[in-house]
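Colleague: Can you build the whole structure from these sequences, using the hints too?
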Amino acid sequence: MSLPDGTNVAWLDRKSGIVTVLLPEHEAAAREALAIYLPATQKPAPSPMAAADDLALNQPGQALRQKLAEVSPGRIALIVARLLRRKTEADSWRKGLAGERDIGRELARLTRSGWRVLHSIPLPREVDIDHLLIGPGGVFSINTKHHRDASVWVGDDSVKVNHGQARPYVRKARHEALRAGRAITRRCGFAVEVQPALVFVGAKRVDVVPTLHDVRVIRGKEVAALGPLSGALKPEEVELIYTAARDRRTWVEA
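Per this note's numbering, the very first residue in the sequence shown carries number 1; after that it's consecutive.
Bear in mind the hints are in silico, worked out from the structure with no lab data behind them. One or more of the hints may lead you astray.
Think about it this way: if two alpha-carbon atoms lie no more than 27 Å apart in a straight line, the pair counts; the simulated DSS-like pairs of lysine-lysine are [unchecked claim]:
#	residue 1	residue 2
1	LYS204	LYS172
2	LYS160	LYS234
3	LYS67	LYS160
4	LYS67	LYS172
5	LYS204	LYS160
6	LYS204	LYS95
7	LYS95	LYS160
8	LYS204	LYS221
9	LYS221	LYS172
10	LYS95	LYS172
11	LYS221	LYS95
12	LYS67	LYS95
13	LYS172	LYS160
Now the in silico label distances, taken between C-beta atoms and shown as ranges [what the hints assert, rightly or not]:
#	residue 1	residue 2	range
14	SER230	PRO168	42 to 50 Å
15	ASP207	THR111	15 to 23 Å
16	ARG219	SER2	37 to 45 Å
17	GLY155	ASP5	48 to 56 Å
18	GLU236	ARG171	28 to 36 Å
19	ASN8	ARG109	25 to 33 Å
20	HIS213	ALA51	25 to 33 Å
21	ARG167	LYS234	35 to 43 Å
22	ARG219	SER113	13 to 21 Å
23	ASP53	ALA225	38 to 46 Å
24	ASP5	VAL209	48 to 56 Å
Source: prediction; values computed, not measured. Heads up, the beta-carbon is just placed ideally off N, CA and C, and yes, glycines get one too.
Modeller: Spelled out as structure tokens, the structure:
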């Protein structure tokens, strides 16, 4: 549904019956106009999302903040760990949080170029997408890895840090993007491709095998290179996808 000047007001996913309202001041008229397209047995769509369901309110590293609150040792245990120079579980989460904050700041710069950003999108089975970038160049699911001063080798399916044990970062990035694409497509009612990206924060060297084509590998400060990408989505499509993606209910069955 649009205004006479072509401004989009709302759209209806006929399969799910969900009405997404872009201009709240026209909500009542939009729902009344779109109701005729619903099956006779279908009730009107639920009311707009509550604040608790609005993922646009999430800060970078929101999920890690919650994890830190759960695993942080008490004051005495922390002092003992520091005296013995032992790392705690919280140290690992704290390092990840610093990386996600860094990338969150870099992604925020892209909003002036028509991009939308979401952080810490919760998926079932205690998984979350670090960042989701939506804009003229498409939709990107971004997995952030913080490896300060490390040498990183990226293969077709895994990653090695400082020549260590293989880590399944590439496979996980692909899987998260696939889940994201399915969830957003189901909510929007049209096909939405989500491209996986791995962003390495603080690494001194990142080597990528030339056969890896479906996962973007980016150094932290190079995230800005995504800004000039264009031609994939129109502004109204960006807003529709962003509206769907920011609703926590979109991800319940991802």
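Colleague: For LYS204 and LYS172, compute the direct alpha-carbon distance and say whether it is at most 27 Å.
Modeller: At roughly 23 Å apart (the allowed maximum being 27 Å), LYS172 and LYS204 satisfy the hint.
Colleague: Regarding the pair LYS67 and LYS95, is the alpha-carbon distance no greater than 27 Å?
Modeller: 12 Å, holds
Colleague: Sort out whether LYS160 lies within 27 Å of LYS67, counting only the CA atoms.
Modeller: 25 Å, holds
Colleague: Holds or violated: LYS67 with LYS172, Cα cutoff 27 Å?
Modeller: Between LYS67 and LYS172 the Cα gap is close to 20 Å, so the pair holds against 27 Å.
Colleague: Using the Cβ atoms, figure out if ASN8 sits within 25 to 33 Å of ARG109.
Modeller: 26 Å Cβ-Cβ, so the 25 to 33 Å window holds.
Colleague: CA of LYS204 to CA of LYS221, is that 27 Å or under?
Modeller: 12 Å, holds
Colleague: Taking 48 to 56 Å as the hint, is the beta-carbon distance of ASP5 and VAL209 inside that range?
Modeller: Holds - the Cβ-Cβ distance for ASP5 and VAL209, about 50 Å, lies within 48 to 56 Å.
Colleague: Would the pair LYS221 and LYS172 pass a check requiring their Cα atoms to be no farther apart than 27 Å?
Modeller: With a Cα-Cα distance of about 22 Å, the restraint between LYS221 and LYS172 holds, given a limit of 27 Å.
Colleague: Would you say the C-beta atoms of ARG219 and SER113 sit inside 13 to 21 Å of each other?
Modeller: The hinted range 13 to 21 Å holds for ARG219 and SER113, with Cβ atoms some 20 Å apart.
Colleague: Using the Cβ atoms, figure out if ARG167 sits within 35 to 43 Å of LYS234.
Modeller: Distance hint for ARG167, LYS234 holds at roughly 37 Å.
Colleague: Would you mind confirming whether the straight-line C-alpha gap from LYS204 to LYS95 stays at or under 27 Å?
Modeller: 16 Å, holds
Colleague: Please work out if LYS204 and LYS160 have their alpha carbons no farther apart than 27 Å.
Modeller: 14 Å, holds
Of the hints listed earlier, those the structure fails to meet are numbers 2, 14, 15, 20 and 23, in rising order.
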